[in-house]
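K.L.:
Here the protein sequences line up with chains A and B, keeping their order.
Just so you know, we're using the numbering used here here: the first sequence kicks off at 120 and counts up by one.
Just so you know, we're using the numbering used here here: the second sequence kicks off at -8 and counts up by one.
Keep in mind the hints are simulated off the structure, nothing from the lab.
A portion of the hints provided could be inaccurate.
[Claimed, not checked] Simulated pairs of lysine-lysine, BS3-like, Cα-Cα distance not exceeding 30 Å:
1. K265(A) / K213(B)
2. K94(B) / K191(A)
3. K8(B) / K186(A)
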Amino acid sequence: MSSKNRDKTEISRRDFLGLASLWAAVLPAIAFLGGMFRMVKPNVRYEESTRFKIGTVENFPVGITKKLEDKKVFIFSTDEGLHAISSICTHLGCIVNITEWGFQCPCHGSRYNQNGKVIAGPAPRNLSWHEISQDIDGSLVIDAAKDVPPGTIFKLKA
Amino acid sequence: MNDLKQSGINKFKNNLKDLRNSFLRSFIREGKPINDLSRAAVMANNFFLHVQGAKTHVNTLRPGYTLGLGLISLYLLLITVITGVLLMIFYNPSIENAYNTIKDINYVVFTGRLVRNMHKWAGEGMIISVMLHMARVFYTSSYKKGREFNWVIGIVLLILTLGINLSGYMLPWDQLSYWALVIVANIIQSPKEVTDVLGITKYFDMGGFSKELFLGGLTAGKESLTRVYLLHIMLLPLILFIFLGVHFWRIRKDGGLTKPEAFELKESDTRYISGPERKTEVFSTNKTYGLMELVKTRTPAVSRDIENNLLSWPNLILAETAVFFLTLAIVMVYSFYIDAPLRELANPLIPENPAKAPWYFLGLQELLSYSAFMGGVGLPGLALLGLALIPYLDREPQHIGIWFSGKKGRYIALESLVVGTFVLVGLLAIVIKFGWFRTWWPDVPQLLIILINPGNIWVGFMIMWSLFVIKRTDSTRMGAIALFTMFLLSYVILTYVGTELRGPNWGFYWYKSQWPVH
Ligand code: HEM
Ligand code: FES
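With the rest of the complex left out, here is chain A (with noise of 0.2 Å):
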């Protein structure tokens, strides 16, 4: 064949050949694996919600503290309203416990202080603050899956 009339960008037939079937079969290879590691991310989750009503207004005087303990959450309530603290860990997830000057993971020694803020061990964030709102009902709902900037505070409604 003569090459004179060819631009250097074409490939022979036996070439194209060769690489179309090359890379019909490498793409849907590629798209297996990739389906099969997508596969092992579940697409339902049989899990609690991570929102969950904690009841009324009611039962949370001004001054009280209570420990959530299957929620995994502080709530605290004071003069100004409420605000929630979650009880796990940021190191490895253990639950901490609430001392005076604040709170103690038992795991690798971690201590928050009142505002959850990490002041020893080796957690590397501090508590999560979450969300506080109020349902139609009337009743409080907490989202641990949504965050607030810690000192926020959930205002009570006159």
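The hints should help you fit chain B with the ligands onto chain A, whose structure is shown.
P.N.:
Then chain B with the ligands, alone, in the frame of chain A:
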């Protein structure tokens, strides 16, 4: 001829009479191993034996060379497989039943407790024997001369051994299991610590994603147990067996185990070997080697050193059988007296205090208590990478097959042991007594802790010291000895500190009796 004359019934009768012999002949084709030829044939013709050579070098047979450690690891593995299948008959991998079925195995099932103990102790024993096996291979320079890749395969086997043990720890679904699962899941998530610092978690949350894949959700629950069970009984063992097959096949291809260049028989060798009845019957010059000549790898030394290669049957097989029964006996006696732990049912609300990982990860947990990412991912990753690369960074061909490469290596190992102990214990003492950055400056940025923490300082020191040794001795092998010795040392010391000296809230206590009561 005779056959033709016989009646059908007669033929049948004779076949029936000969049944025992003809069956045995079909099964063991070479006949009884009564002479050297049939002894060699037995090794070559049996599927399970042919992975080993027909002949074995005396050096390999010396108990003081291999210490039998690779074999012991294999036997412990076999014990876990058999006892594991027995446990699977009763165990039910659901969070409702797992704990109760383990309790049944312990208290109701006939010999259940012994079988469970054997499974547990043989499995954890593997960690010790595999580590010691690695140390044997390392200190005898057996990772050289074509064995580089087999060393890397060995590292994979070590990781798999640890992984199988860890996933098994989570199956009883007691307090130990549950909190180990939570902690491991968070270690898997710990790259988040780095993406957080870089501020890219929102776009690229690798840690969170991996954790979700591992747990099958966001929190530890029934999906997680299914996945851990799958890893423990299926995926990891399958990979382990594949790699183990390659491991053994490569040993054979490399011409058996390493041995010193200048090998000499010793008087004491005769205690555990029986010599050939007639020299060079099998490997005589008339013998054709067939495949061996075609395959381009190190084949069993055919003409060199031939008088020191003895028939594997009975020399090797006897030794292997002895090691097997010794291993089995030790596991059985230990399991008879010492019970595998089982705490209360998993309670997601109350962590144990202190919540400890299984002992073989307590060294890591000590590092974790400085920084989750460095202790759980960064430093172990670096250590494994470093171990895997040893054969490529030290390629000095001398002193293969000699413990510690001789006197100088022995000295370097001892020196590293002493220096390393002082530095590491000193470093730990500082941390325990005075704390670290956050104790001094509560507002220290997380990045600084990720970069500068006692774990990193120790690893940095190990590397600097090994480079210093290389410079001083002009030998990469000596540097490797220093590094490897310090690696083993830190595993032992950190594990000891994590196991014995850490109490509630990960505080430091000399004795368990000093733990505060609560
Ligand atoms: C499941 C774990 C393992 C098993 C069952 C196993 C088994 C064995 C066995 C039976 C041998 C024959 C010699 C002996 O007994 O020492 C051997 C040799 C060897 N192993 Fe392993 N091994 C394991 C893990 C490892 C590890 C962690 C390493 C190193 C990182 C390693 C590296 C080697 C090397 C390089 C040889 C050849 C030694 C020589 O030529 O002298 N193996 N292994
Ligand atoms: S999990 Fe709280 S300090 Fe490690």
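K.L.:
All the hints need checking, so say for each whether the structure fits it.
P.N.:
Status of the hints after comparison with the structure:
1. For the hint pairing K265(A) with K213(B), the CA-to-CA distance comes to about 24 Å; that is within 30 Å, so the pair holds.
2. For a cut-off of 30 Å, the pair hint linking K94(B) to K191(A) stands: about 29 Å separates their Cα positions.
3. For the proposed pair K8(B) and K186(A), the alpha carbon gap of about 82 Å is over 30 Å, so the pair is violated.
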